[in-house]
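Sequence order for the protein chains is A and B. Numbering of the first sequence is given in numbering that gives the first Met the number 0, commencing with residue 0 and proceeding in unit increments. Numbering of the second sequence is given in numbering that gives the first Met the number 0, commencing with residue 0 and proceeding in unit increments.
Treat the hints as calculated values from the structure; they're not laboratory data. As the structure is a computational prediction, the values presented were derived from the model and not from experiment. In this text, a Cβ means the ideal position worked out from N, Cα and C, and glycines have one as well. Do not take every clue at face value.
The calculated SDA-like cross-link candidates involving lysine to any residue, where the alpha carbons are at most 20 Å apart (straight line), are [claimed, not checked]:
1) B:Lys55 to B:Ala422
2) B:Lys55 to B:Pro451
3) A:Lys151 to A:Arg133
4) B:Lys35 to A:Ala50
5) B:Lys35 to A:Leu54
6) B:Lys55 to B:Glu172
7) B:Lys35 to B:Ile10
8) B:Lys393 to B:Ser344
9) A:Lys151 to A:Leu366
10) B:Lys35 to A:Arg47
11) B:Lys204 to B:Ser46
12) B:Lys153 to B:Arg61
13) B:Lys153 to B:Trp58
14) B:Lys35 to A:Lys151
15) B:Lys204 to B:Tyr99
16) B:Lys393 to B:Leu433
17) B:Lys35 to A:Ala48
18) B:Lys35 to A:Arg53
A short, non-exhaustive set of chain A residues, derived as facing chain B with CB atoms under 10 Å [unchecked claim]:
19) Ala15
20) Ile17
21) Ser24
22) Leu32
23) Arg40
24) His64
25) Pro79
26) Ala126
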Amino acid sequence: MAVARALAHEAEKLLACIHCGLCLSACPTYLQLGDENDSPRGRLYLMRAVAEGRLPMTSEALARHIDLCLGCRACETVCPSGVRYGRVLEAMRADLARERLTLGQRGARFLLNHVFTSPMRLRWIFAPTRWLRRRPFARRLAEGGLLPARLKLALELLLATSPEADSIFTLPRERRPSPSASARGEGRRVAFFAGCVARELFEQTNRATKEVLMAHGCEVEDPPDQVCCGALHAHAGELETARALARRNVRVFERCAAEALVVNVAGCGAMLKEYGELLAGDPEYAERARAFAARVRDISEYLIEIGLRPGSRPVGLTVTYDAPCHLHHAQRVTTAPLELIRRIPGITFVPLVESEICCGSAGIYNLRHPELADRLLHRKLEHLRRTGADVVLTGNAGCLMHLRRGVRRAGLSIRVMHPIELLALTYE
Amino acid sequence: MASWIAELQEIVGREDVLTDPERLLAYECDGLSIHKHPPAAVVFPESAEEVVGIVKVLWRHRVPFLARGAGTGLSGGAVAVEGGVILELARMNHILEIDYANRLAVVEPGVINLMLTRAVADAGYFYAPDPSSQMACTLGGNVAENAGGPHCLKYGMTVHHVLGLDVVLPNGEVVTLGGHGTDAVGYDLLGLFVGSEGTFGIVTKITVRLTRQPQAVKTLLADFLSVEDTSRAVSAIIAAGILPSALEMMDRATIEAVEASVYAAGLPTDAAAVLLIELDGLAASVEHEAERIVELCRTNGARQVIVARDEAERARLWAGRKGAFGALGRISPDLMVQDAVIPRSTLPEVLPEVYRIAARYGLRMANVFHAGDGNLHPNICFDGRDSDEVRRVKEACREIMELCVRVGGTLTGEHGIGLDKIAYMPLVFTDDDLEAMARVRAVFDPEGLCNPGKVLPVRRCRAF
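With the rest of the complex left out, here is chain B:
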């Protein structure tokens, strides 16, 4: 047994260091199960002090490590690609402070996203970033990936809602980034840290902004008979200067899967696609904008636009949308979800082309995505046991990425680069760009121990 294992056991207790290969199996992948790499150990810290202790041991022994929350990430970010130790933060799940007067909450990284919103709902607040996995994913993971979600169209990403962080750097040093205020003096290290995909250190405490619930909310469902019409309606809404709080698209394959699941929301299964549109704000403006949106959908070929009658119907529609990714598991044993961003005006030309790429490779595809942001999520349904199909999935993914970059888009909207998209990084960055990023990373993690093998492509010869 390696000596560092005994040292870790001393910190958290024998029971809370997993080293038995059979018990490490479940930790070989996260939400994107196509990448599998078992860790050398999993350790369960319950406090910031324990995290510091663990990191110091691993730093001293030069053992690579990474933090993991609920393992719902979709870029392979919580996979121990180079072996090493996973720090499972699920037990650090306490809400430490809720301060309505200053509209903020202080939480541990293992707090589940939705739990925070539930905790403040009665007081009239919510935590705005709402990834589709919000009922399971942790805020620590959200910080690492700079998670988005349907309502980020209006409210912004995780980075816009994090006010401060306590971070354990890879050498075990503890620093506080940001604070309780809206802006910290000096360089925006907080902004740099959020979205660093676990490569700069481990978060042990997060201060987030709480947002007041809007006075009025209206949720519309528009259905269309062609994907092209649906895309045009999206572009029209954005071009008209309306900012819905969410503007989501689901195509027929997705609708069918959702309607067959426990999250069935009464979506029309004969539509080519639907738009789920939400408006919030002052009642008067919401009314007015809703009328404009109905009109824009109609002129772009909507067959029907309905308004959710009550909170229950609204909740049902959103549950259907958020369960969509999982519901696609009904179609095939494995699922590859892509995450790319395109300029919103290009949606009508790009989306049909994405379907054509899938067809060319003989793959089944379902699209469910944040249309208002131009954040595509093509889901490819496949069977991992069929190696030829796996090869075609990979090739199709690459073509889709190349297409998105070609029209002026980029590689990820919210899932992160992780392990899955490293190979695409040269599509958008030059060697010099990547080199500059590697230098930034080295400031935080000179030894390359913290979540190695993620974000930046590994090159044999480093310039320094």
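Okay, chain A solo, but in the shape it has when bound:
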């Protein structure tokens, strides 16, 4: 049985859960729903029941509660027993995917397996959306009541990516780092991981990242044949597609003589750093994937590592930080973003309560479970409101969209930005 096989090699990690329950209060879905079945411990209990033959793979309850998991991995950060929840979850989802899928899941999987695997097809798919987000009628459509709820939500999220909003071009003063700064030429070479959706919809974040790297004397290489990291696939249980993408990225970046592979999306970074484990069973790639993963750095991590040099122009803003789950929990990069932010000149930093709790974005979770995602968003917005900040910074594409949409709908005057965009503003 597929279940037994997939869970067997995760069995030790599954068994490591001794039911202490410390994960409960870290779990966003449990905090909202208060149901043991929607806690990490409860989900592990269901998975263990499947592995032990006490629960059928076709169980309605299993499918429902595994599906409701955000995959934020906050439970791993607090688990004293070291349960690798994320990996167990992915194995379970891979098994469930073989059993049965809803129509929506089938659609999502088609996109993942046939569109997100090809930069060219992504380009074609996203071209109209880039056009759309610049159209005034799109905003009217998003604000009106004509569209079905799910489509309206998707459109709101799309609009939340538009460079007109919160971009470095619309901030109080227009500042862009000058590439000439790289004339200092310390001869650092870095490869840039551009991301799939990020390349299509977050051009300004990517540009800011490259320019800040150049301002730090880095020569930046952006291989055009790189592909999606495979995170969306792995989270949905499409592990084979994720592996295929990983192999391609390993080959592409092996050609770069870069000391680091820098990424500005937390979700992608977490996936890239786990290539070693993803391809551990592939004799040809196992070692190469480990070497690849060892070079991966989040942009905040890398800048702190090489010695952050912010520009001299003060931004004069009150700023708070919301930690992306895949940076804070999955990559355990917790201090670098804060250090980076605190060293931006002219910053007043205010901490955000529950900054380590998921905002509800979670990849495409907000599209799949809008109601629960919105409850988490609401909780986040309440905390944001209390900070009195002008800007909330967060280093992940999905969170940026989700929070920006939330902030706009709630009518808050808070800008939502990637930390690197604010840093980019400080250069002459």
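Following the hints, complete the assembly by docking chain B onto the known chain A.
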């Protein structure tokens, strides 16, 4: 479908009554997973009124029920041993009132222990009882079990910090016990209720005492090369008349597990055991007592005594201590944690004997406990799939309990009797004692519907 299910659905809505056996599975055990009994249903009330409504329905239909919080308890107290309904109170998680002028807070039972301390920290207060599971466990559960924690050595147990309770009795009647003052007139029914392990009724509102943060805190870590030396140091500190706010012991197996976990605190993995000692109060007295403690540890064979440099190091040491139970999951798939109390002076003789019992049964043991209170927590690491090992665990537990009772101790320090220790009750109580307790229980719950099968052994023939 039983008619009471439809009635419950009417109160909380269809979605909030679980009856599908697959969704009840996760509710078959609490923090002590050795006892498994699925409930007939789980219901999620969101207000005191809903709790009253639910209890009245169940009372009328004579369906047994019990309250559950985060399910972190370690005596099987939140397990539906006789089937029946679990009232999951996790959604009743609001802090209703914080009153600094009177140093109290009013909370719903589903509020997480640590959340209360966080809510009042900026104002310079804390909620003193701090069970190791405080980041997840609920105050309602703390009241039921009269929970303790490392700092109870100085500050007392939950019972010393609860000023008043709103309680739904098993027949649905609502009563208020205690109040906002320090003492209520008449019999101390509040004291009776706290620690009744969910057998007297369901708490819907709790008034607790807030404690002022001390002026100074000092945390010391002493490491030893033998368990005997460590125990002697504990006895010496207590005998010297010093009252640390916490005095915790962790042995090598525990240290190794903690250091391998996310809660690694930089504990010396080559020590036989360490003592984590905390002093708080006025800066001058803390300084003075710290010197005395360093001296007492040294004369009892401590290899090294270090003082936490700053708040971050102090927090790290405590996170290591509080994550210790969970960290032991690294050693084996299952864990049996015992909870027994012994007179503190007997620690040097009892602790080595506890290790000998485990060795005799061929079991792996780790000890991490509240040494200053004489509150032992021998943890036995085992694999539940090995039935012979499970049998040996049970026998070893019994021997440990008998040993503790023999030296003048008792069955539980803070986890409660629950389901797990019922069989040991006759070790410390006579039939008459148990009968008297059963009568007290019957005053609150004459029908035996509220968390049945807990605390008191069930006897076939009852005297009345």
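Consistency of the hints with the structure:
| no. | hint | in the structure |
| --- | --- | --- |
| 1 | B:Lys55 to B:Ala422 | 32 Å, violated |
| 2 | B:Lys55 to B:Pro451 | 17 Å, holds |
| 3 | A:Lys151 to A:Arg133 | 16 Å, holds |
| 4 | B:Lys35 to A:Ala50 | 17 Å, holds |
| 5 | B:Lys35 to A:Leu54 | 15 Å, holds |
| 6 | B:Lys55 to B:Glu172 | 8 Å, holds |
| 7 | B:Lys35 to B:Ile10 | 28 Å, violated |
| 8 | B:Lys393 to B:Ser344 | 27 Å, violated |
| 9 | A:Lys151 to A:Leu366 | 10 Å, holds |
| 10 | B:Lys35 to A:Arg47 | 14 Å, holds |
| 11 | B:Lys204 to B:Ser46 | 10 Å, holds |
| 12 | B:Lys153 to B:Arg61 | 43 Å, violated |
| 13 | B:Lys153 to B:Trp58 | 41 Å, violated |
| 14 | B:Lys35 to A:Lys151 | 46 Å, violated |
| 15 | B:Lys204 to B:Tyr99 | 18 Å, holds |
| 16 | B:Lys393 to B:Leu433 | 23 Å, violated |
| 17 | B:Lys35 to A:Ala48 | 13 Å, holds |
| 18 | B:Lys35 to A:Arg53 | 13 Å, holds |
| 19 | Ala15 | 5 Å, holds |
| 20 | Ile17 | 4 Å, holds |
| 21 | Ser24 | 5 Å, holds |
| 22 | Leu32 | 8 Å, holds |
| 23 | Arg40 | 8 Å, holds |
| 24 | His64 | 8 Å, holds |
| 25 | Pro79 | 3 Å, holds |
| 26 | Ala126 | 42 Å, violated |
Violated hints, in rising order: 1, 7, 8, 12, 13, 14, 16 and 26; the structure is consistent with all others.
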